[in-house]
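Q: In case you want the letters, here they are:
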Amino acid sequence: MANKNNLRHLMFGLAGSALLLTPQAYANETIKIGVMLPFSGAYAALGSDGRNGLRLALKEHRERLHGSNIEFIEMDTEARPERAPEISSALLNRHKADFIVGPVHSGVANGMLRTLRNRDTIMIVPNAGSAEVTGALCAPNVFRTSFSSWQTSYPMGQVAADKGYKRVVTITWNYGMGRESVDAFEESFTAAGGEIIRKMLVPFPRTDFQSYISEIASLQPDAVFVFFAGSGAVQFALDYDALGLRERIPLIGSGFLTEGTLGAQGKAAEGLVTTLHYADELDNPNNVKFRELYKSEYNRDADLYAVQGYDAGLMIVEAIDQLQGKVKDRQAVIEVMRNMTVPSPRGDFTFSKAHNPIQNVYLREVKDGVNRVIDVAMPALEDPARGCNM
Amino acid sequence: MTTSLFFIQLINGLQYGLLLFLIASGLTLVFGVMGILNLAHGSMYMVGAYLAWYFFTHTDSFLLSAIISAVIALSIGILVERTLIRQLYHRNHLDQVLLTIGMIFVFNALQSLLWGNDPQGIKVPDLLSGSIPLTDTLSYPVYRIFVAVICILLAAALYYTINKTRLGMLIRAGESNREMVECLGINISRLYTIVFAIGVMLAAIAGVLSAPMVSIVPGMGEHVLIACFVVVVIGGMGSIKGAFVAALLVGIVDTFAAVLLPSIASMVVYILMALILLVKPKGLFSN
Amino acid sequence: MLFQKRSERLFIWIFFPLMLMMPLFLDGNIFYINKLSSILIFALFVMSLDYLVGRCGLITLGHAMFYGLGGYIFYIIAPQNEAVNFWVYTFYICVISAAIALIVGFLVLRTSGIYMIMITLAIAQMFFYYFSDSMEFGGIDGVFLYLKPETSFLGIKMFDLDNPTHFYYLCLFSLFNTLVFFKVIMASKFGRVVDATRENPERTTALGYNVFVFRLASYVIASALGAYAGYLFSMQYGFVNPSMLSWQTSGTALVMLILGGMGSIYGAILGTFAYEGLHYFFEHLTEHWMLFMGSAIILMVILLKKGIAGYIEKLLEKRS
Amino acid sequence: MSQVMIETEGLCKHWGGLKALDDISLTFADKELHSIVGPNGAGKSTLLNLLCGTYKPTSGRILHKNEPIDSIKPYAFARRGIGRSFQKTNIYPSATCLENCAIAAQRYMGGSFNFLKPRNKEPVLLHIAEEALHKVGLGHRKDTVAAAVSYGEQRQLEIAMVLATSPCVLLLDEPMAGMGHEESALIIELLKQLKKEYCIVLVEHDMDAVFELSDLITVMVNGQHLVTGTVDAVREDPRVKEAYLGQGDEVY
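Chains as they are written, first to last, in the numbering used here: chain A, 1 to 390; chain B, 391 to 677; chain C, 678 to 997; chain D, 998 to 1249.
It is worth saying that the hints were derived from the structure and are not from the lab. You can take every hint at face value.
Here are the simulated distance ranges between beta carbons:
id: 1; chain 1: C; residue 1: Lys991; chain 2: B; residue 2: Arg476; range: 20 to 28 Å
id: 2; chain 1: C; residue 1: Asp839; chain 2: A; residue 2: Pro140; range: 18 to 26 Å
id: 3; chain 1: C; residue 1: Asp839; chain 2: A; residue 2: Ala380; range: 36 to 44 Å
id: 4; chain 1: D; residue 1: Lys1070; chain 2: B; residue 2: Val669; range: 14 to 22 Å
id: 5; chain 1: D; residue 1: Gln1000; chain 2: C; residue 2: Arg683; range: 51 to 59 Å
id: 6; chain 1: B; residue 1: Ile661; chain 2: A; residue 2: Gln322; range: 53 to 61 Å
id: 7; chain 1: D; residue 1: Thr1227; chain 2: C; residue 2: Lys991; range: 54 to 62 Å
Bear in mind that the values here come from a model prediction, so they are computed numbers and not experimental data. From the three backbone atoms N, C-alpha and C, an ideal C-beta is built for every residue, glycine too.
Using the sequences plus the hints, can you model the full thing?
A: Structural data, given as structure tokens:
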């Protein structure tokens, strides 16, 4: 149960926030990993899964660390952008973190980039999908193990057109991620001959969708494309179902609509079709092994956020291994990382010039409370990295 | 906007307004009688929803979990009033604001410790899971109608209690003149405990009723808190009748603003509130 | 003498020399210097709130509105690709925010007490949503300022704002000036009327003062300084976000103020440092820091009726 | 009779359906002490509140030196020199007695928007404030915090504050309420001195004091004007006796 886990974290926390994983006496070097994730507030679940994944990777591959001490410094961002510069400055300047893993929230990412771009550390983004991270604000020392908003929505435009939808309504929160996702969908959907008949923008973080859905019902589109995540995703699916539209107008979206939310959505999520770079059920050896390990370690099922955190951990492990623990030479670390193939549970991926994963995007459908993979919507998809001069 | 869509949106607005009233009524009652501004009121809404979810997953009965949750909320109310709120009767509003902000922190931390941070949901009770078709594409869930009816019944019950019963007489007297009630030999501290506990319970019941309709997530209380403030202030602080009118007003205005004025949708209710306070600085139904 | 109370003199003689020397102890550790700078900035903001709440008796839950406005006004009026003059823009920002405060104050000061708390909250929320829903101001993700102003004054370059230590001294300098500024105001003839309007507005009207005008003037002053704090904050990391205007920011400032002690000129500084210290301590202790923070706030309200400053004054009284 | 300072014409004040004050026409002359008496609820305090601008009249006019003043702002009354004391002690309890009077004196001395001038560095103003304290016999209390002085002294302070505004009209609302005999005697002496200089309107329950001090007495009942006259005329008027007896108020 979640509560036991949390109690244990509390105990851990009381014992001291810096946790030494390999306390061997002969350890030659301490490698500091700063973790900037939300541990309280609406995004707390995403933060703790990411952290768990990260720790799991370093624990699993302990023997590849060349005897380095790994020290975690965990900071709660509370998903508050205005705290981001301060916290990242703490990790960079006070703790002299070698790697900084974070954040979940794109607004926080913008604040972090402000202090970490081109500085003496490696930033690995394990979630925030804002285009700027590997677009206009890209930098040699910034990597992303997750996705770009474009990647998770662009393929859906093609899928929708292939399904024969002509008139589609889009709805999302009025914030960066939402608008970028809808734009990416529109890009491929209109290119394939579809028409967006209405673009609805909901003030963030409003979760009262009933009036919007009533409006959609009166427009009678062929399908509805949405980008919502977390509580918004749960609420939208619940309202969409409650008002009887799920049976009548197909609901499609970026995969976050049904990621980590299925328990709360229940039958309201059945039949929703989404595109994402991961699915719990992916049938590959890495994924099966990872999920087993995660379950036995944390007594809960792994999810996308755990995978992304885990991959950030794999990157760090790989870099330490190849450089034999000498990670102070950032240029060397960057060189290793940008040429790396990450053996991710989602399938192997490499990095684009802008340091975003080149990865498969899967087409998924919810059946019996699980995201089933129907197909690969677009294989080895690379983000266009607009605005990046790297 | 077609006529049918107009009426559908009107229903949406009314339903949202009724739920707002249920949450806000506890806030305005506590303020009216005790002069306490409880910022942690939204947290009680959250606690109600989490309790309902927790007991539903253990008992599988919505009614049973609703009753247990209400009883627990009542006990929390009594406990909080006896240990904390009691200290503040002779302090100013500022101290109350502060203490209840502290309570928000504590409730949020407890929620995260006890129930984790994953979004949760419970399914609508089978008996109420049907829906009524309104148009070709749109139908209205029975459960939401049920919630609206419960809200109206609770509003009527509150009205009856305040205007027709001995407790209500004391509440009304307490609003207008604290000393007088004390002179009448009535145990004012017990009255305050009861009123505060009822206020907490109303918020929790709103949380319980919302549980099958909303995503149960950390921080859900703070969103409704501000909406409740708007309702209570527009209605006139301490006025149940005012809260009722204001909640419906806010519900309808907010619903229509969302579709008609999308660019300023979230500002509209605050503009409404500012305008009303300019004309009637103490709200629509102030004493 | 400007600082009549012993506790005030004591505080000023300990705090400011200590802060002046702080960068020496910190030995150029950028994090601590930045952290201290941001605490000093927020202390300045809380001090402007203290003037309203503690000295004028006007309780507001919307003061963060001006904190955020300071940042956004700067973003809006400053050219994006050219370093502007710090002092000139300080003047602009104070004037523009004062003008906004004049209009807002005209509306909110018609009410009082709990209604004023609520209407200030409502107006601040309006601004919050305006910025968080607007596309041109970056919405909920906020905006960046890519260039820091230069600080030459009459041809002399005073601070290099890209240097954290310089920026730290600018913040300290601003805080000290603000403290002296408020102290001068409170000791002035204007301050006499402000005291009177707080303590007994009815009597003050009967004596022939237009209470509203004095409150409005105070509101404008406090708001302009609140905006100045926001301007400094936005400059520190080149970052403006709507959450600067949120009611949580106002609430935090109030918590700090009450923790430190209202109405005493240094309570705002004490409160900000104490709150940030507690927050920092609990956050490093456990991810459930909110539990301890919340309990600490509750205990403090119940036990420390006049905040830390009140406690110190009591101690000093006992000894003398 | 000397110059008329304040005049009311058909003054009415209604609270909803209740007529708190009904058609009152009175004149108050300079250098005279004019008392308003009557049983509880007669409208004495309402009248006073209208004269100093706290309430706005429902109908009727108020003239000050022959200029209508019923539509000016409440604070403007004091600026015209109409000062008042309150029935319930209404001072600045945490300030010193001197500061209380200084606040009052600063109003007409000006400079209230001077942000820089230290409040304690203006000898003229402080002198005026101190003089006002001396007038009411509180000179020795000037550095004491107002909350710390006795109740009677607080009443005296109220009057001193009014005096410090350099008024021409004093509206005094029960200055002797709740006082002991000796304290009352002090105030009576004080008022005897003051009425040589000011137009004073006095609302008071202590009839001995009223008879001793007044040049004119107006008796009000139920918001209506009953009679106005000299002390002797009022004392003998049968209507007055009836009104008081009818109310069951023990006056004599």
